[in-house]
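J.: From first to last, the protein sequence lines are chains A and B.
One point on numbering: in this note's numbering, the residue at position 271 of the first sequence is 271, and numbering is uninterrupted.
Just so we're on the same page, this note's numbering is the position in the second sequence counted from 1, plus 290.
Hints are computed from structural coordinates only; laboratory data are not their basis.
No residue lacks a Cβ here, since even glycine has one placed at the ideal position from N, Cα and C.
Accuracy of the hints is not assured; some may be wrong.
Claimed, not checked - Pulled a few chain B residues facing chain A out of the computed Cβ check, cut under 8 Å: (1) Val365; (2) Ala540; (3) Ser551; (4) Asp575.
Claimed, not checked - Pulled from the structure, derived: some chain B residues nowhere near chain A, Cβ distances all over 12 Å: (5) Lys388; (6) Glu406; (7) Tyr418; (8) Glu509; (9) Glu699; (10) Lys705.
Here is how the chains run, residue by residue.
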Amino acid sequence: MITGTLIYALINSVILILMALGFNLTFGISGVSNFAYGALYVLSAFVTWILLKTAGLPYALAAGLSILITTLIGGLMYRFILMRVRGQALSEVISTFGIGLAILELFRYLGFVGFEYSLPVFIDRSFHIAGAQVDAQRILLVLVSLFLILCLWLFVHYTSIGLAFRGIAQDERTAMTFGIDSDRMAMWSVAMGAGLAAIAATVIMPLGTISVEEGYEVLLNALAVCIIGGLGSSGGVILAGLVVGFAQRFTDTYIGPHWTMIVSLVAILLVLVIKPSGFFGKQKELEERI
Amino acid sequence: MKKRLWFAGIFLGLFLLITGPFQQGFGAEPIVIGVPTFLTHVDGKESLNTLMMAVDEINAKGGVKVGAEKKLFKVEALDIRDGAPGVPVPEALLGIEKIILEKKPAALLVGPFRSEALMASMDLIAKYKVPMIGSIAMIPASEDKIRQDPVKYKYIFRNCLNAKYLVGNLIGVMTFINKEFGFNKVFVMHQDVAWARATATGVIKAYFEKAGWKVLGEEAYPTGASDFSSGLMKAQSGGAQVILPIFDMASSAVLVKQWNSMKVPALMAGFISPLAGPGAWKTFDQKIGGAINVNFELGSAISSKKAPKSIAFEEAFEKKYKRPLEGGHGEAPSYDAVYILKEAIERAGTLNADAVSAALEKTDYHGVMGRTRFDNGHQAIFGMDPKEAAVVAAFQWTDKGGRTVVFPESIAEGKIQLPAGLKTAK
Numbered sequence: 001m002i003t004g005t006l007i008y009a010l011i012n013s014v015i016l017i018l019m020a021l022g023f024n025l026t027f028g029i030s031g032v033s034n035f036a037y038g039a040l041y042v043l044s045a046f047v048t049w050i051l052l053k054t055a056g057l058p059y060a061l062a063a064g065l066s067i068l069i070t071t072l073i074g075g076l077m078y079r080f081i082l083m084r085v086r087g088q089a090l091s092e093v094i095s096t097f098g099i100g101l102a103i104l105e106l107f108r109y110l111g112f113v114g115f116e117y118s119l120p121v122f123i124d125r126s127f128h129i130a131g132a133q134v135d136a137q138r139i140l141l142v143l144v145s146l147f148l149i150l151c152l153w154l155f156v157h158y159t160s161i162g163l164a165f166r167g168i169a170q171d172e173r174t175a176m177t178f179g180i181d182s183d184r185m186a187m188w189s190v191a192m193g194a195g196l197a198a199i200a201a202t203v204i205m206p207l208g209t210i211s212v213e214e215g216y217e218v219l220l221n222a223l224a225v226c227i228i229g230g231l232g233s234s235g236g237v238i239l240a241g242l243v244v245g246f247a248q249r250f251t252d253t254y255i256g257p258h259w260t261m262i263v264s265l266v267a268i269l270l271v272l273v274i275k276p277s278g279f280f281g282k283q284k285e286l287e288e289r290i
Numbered sequence: 291m292k293k294r295l296w297f298a299g300i301f302l303g304l305f306l307l308i309t310g311p312f313q314q315g316f317g318a319e320p321i322v323i324g325v326p327t328f329l330t331h332v333d334g335k336e337s338l339n340t341l342m343m344a345v346d347e348i349n350a351k352g353g354v355k356v357g358a359e360k361k362l363f364k365v366e367a368l369d370i371r372d373g374a375p376g377v378p379v380p381e382a383l384l385g386i387e388k389i390i391l392e393k394k395p396a397a398l399l400v401g402p403f404r405s406e407a408l409m410a411s412m413d414l415i416a417k418y419k420v421p422m423i424g425s426i427a428m429i430p431a432s433e434d435k436i437r438q439d440p441v442k443y444k445y446i447f448r449n450c451l452n453a454k455y456l457v458g459n460l461i462g463v464m465t466f467i468n469k470e471f472g473f474n475k476v477f478v479m480h481q482d483v484a485w486a487r488a489t490a491t492g493v494i495k496a497y498f499e500k501a502g503w504k505v506l507g508e509e510a511y512p513t514g515a516s517d518f519s520s521g522l523m524k525a526q527s528g529g530a531q532v533i534l535p536i537f538d539m540a541s542s543a544v545l546v547k548q549w550n551s552m553k554v555p556a557l558m559a560g561f562i563s564p565l566a567g568p569g570a571w572k573t574f575d576q577k578i579g580g581a582i583n584v585n586f587e588l589g590s591a592i593s594s595k596k597a598p599k600s601i602a603f604e605e606a607f608e609k610k611y612k613r614p615l616e617g618g619h620g621e622a623p624s625y626d627a628v629y630i631l632k633e634a635i636e637r638a639g640t641l642n643a644d645a646v647s648a649a650l651e652k653t654d655y656h657g658v659m660g661r662t663r664f665d666n667g668h669q670a671i672f673g674m675d676p677k678e679a680a681v682v683a684a685f686q687w688t689d690k691g692g693r694t695v696v697f698p699e700s701i702a703e704g705k706i707q708l709p710a711g712l713k714t715a716k
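Work out the full structure, taking the sequences as your base and the hints as a guide.
T.: Following this line, the structure appears as structure tokens:
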């Protein structure tokens, strides 16, 4: 029982990390809080479903196209809407939240409500690991996440765009004096964040069903993990994902599943009271010192 | 002269062609049926579809005889969104009032989706005196209200299953499993919402505790939960022979997928809304074989060869909409309700609300769900034999994607098959 709980707690943590990676990347580089993140996640899942079920494309092609489309939408969203309000935090939040609402409620209006919206698993098998039966999709999810984290690390350390990302994230004005186009990098970061949301949806959604409500839930989970880990900190996201993921699963097993809802909320409250910048966040350190 | 006769003949022919149908009811004011419900939910949407099917059938046969003249039915539907998250009850009430005042319906069918909206709308319906046959909201408290003031609330009826009958039928399924296999260890998993909590508590108190079953655990899951691994591990480690699920959320089918992939050796038998229709097999990756689902009414996405009307209903739906019926609650009663209303209007001979309500009380209709009669709380009586009462239908998903009705015995098409690794305790 305990090994099973540990295995499923690890999987739950990886799901949370995967959900938050894109939101964190966008905020860490451009400073934009993309509140349309959950909507982009759901949009990607519905696009995959449409391409798969109505256009009849092969699953891999449908998923790949959906990731590309979502990435493109993220880039266009920055170019035509966010660029005008960048730097005004409140306007950024209002506009991204508005876009998210519009996307999600449009799906509801168009009738994308029901039980039939689900994606198939990639591999239809299950394995016996340390006394617990685990399905291949969950194992694949962990492997994809590890691969994605490694790719992101290599990208920001060894590619010109990645290095420009880091430059903008460290000091935007100084980076601009080196010829780095701040708006272009911000557009890339929003687009990549959207793409990561789409990748997360592609591997997580086969475990459940696609629904409009999922958009709000994913946004809340991503926010919770980022706030607890420290906004903009990748290490913080991983640590927070592990803490919240394990706490949720142990609460589920030893206290009751209906209490899992409040685990992340309690964690946010505790972090805000004890260390408002989160585990590794830099945003409010100055105020905290004062 | 010949020319004139020709013109006169053509004129007369055209006149008869245009006015002919009106003499059979096309010209008379239609009888408006108002359908205020949650139309973006599968049960609301499909209930409207089955209702439209009944209306088209009746209209094609000339309509409804009201006294000396024949009238057609006309449907006015409105999405009151009462089942959507965050939509307050007063907003749903505004929708019901709007349809009553603007469309002047002779009756309301299907009605509110959530029980809260039904309870709150009862005074409104009584105020405007519009007969209503609800076929989705299940709260038994509405019957108590009708019994307490039968004059005021005489217009309100329900022909779908109520929560008490649901508990009774789940108990029936568990009794049947106990009788067949000798199982008496159960793990209860349900959604953390009022109706599911009440149903789970009802089955535990009224049956499991009294019949000597061992309840290994009862877990309540928040709406939207999609990982049931810890509950399933608890059920497995405790040696559960039966898992009783009670859910109506979309992600609840994941429970069955996980039960399947984790190979938990226990019989999954209860109610999971997404498993109700035939499309669930493809939607959930063909991973639901072995699960037993109690559809709330015979005909609501499940039919039995032993009940010919349910088969005819299923075939007619497929013919009309070019796809199978999905949704396990509200569809069959919504269809039957149109015929029940037709018969009541014809018996009353008028559209007067008091007369129609009095005629509805005398309903004795043999339809898709079985025989429909109303008790003194205006609730359709459910039983175990479609010849005597309306019935539910519990079916088991086969490993090849088929569905076999296994309960009640009067309409059963086969026996329950145990999942791999589970042996009978007899």
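J.: When the structure is checked against the list of hints, which entries are broken? Sort them ascending.
T.: 1, 8
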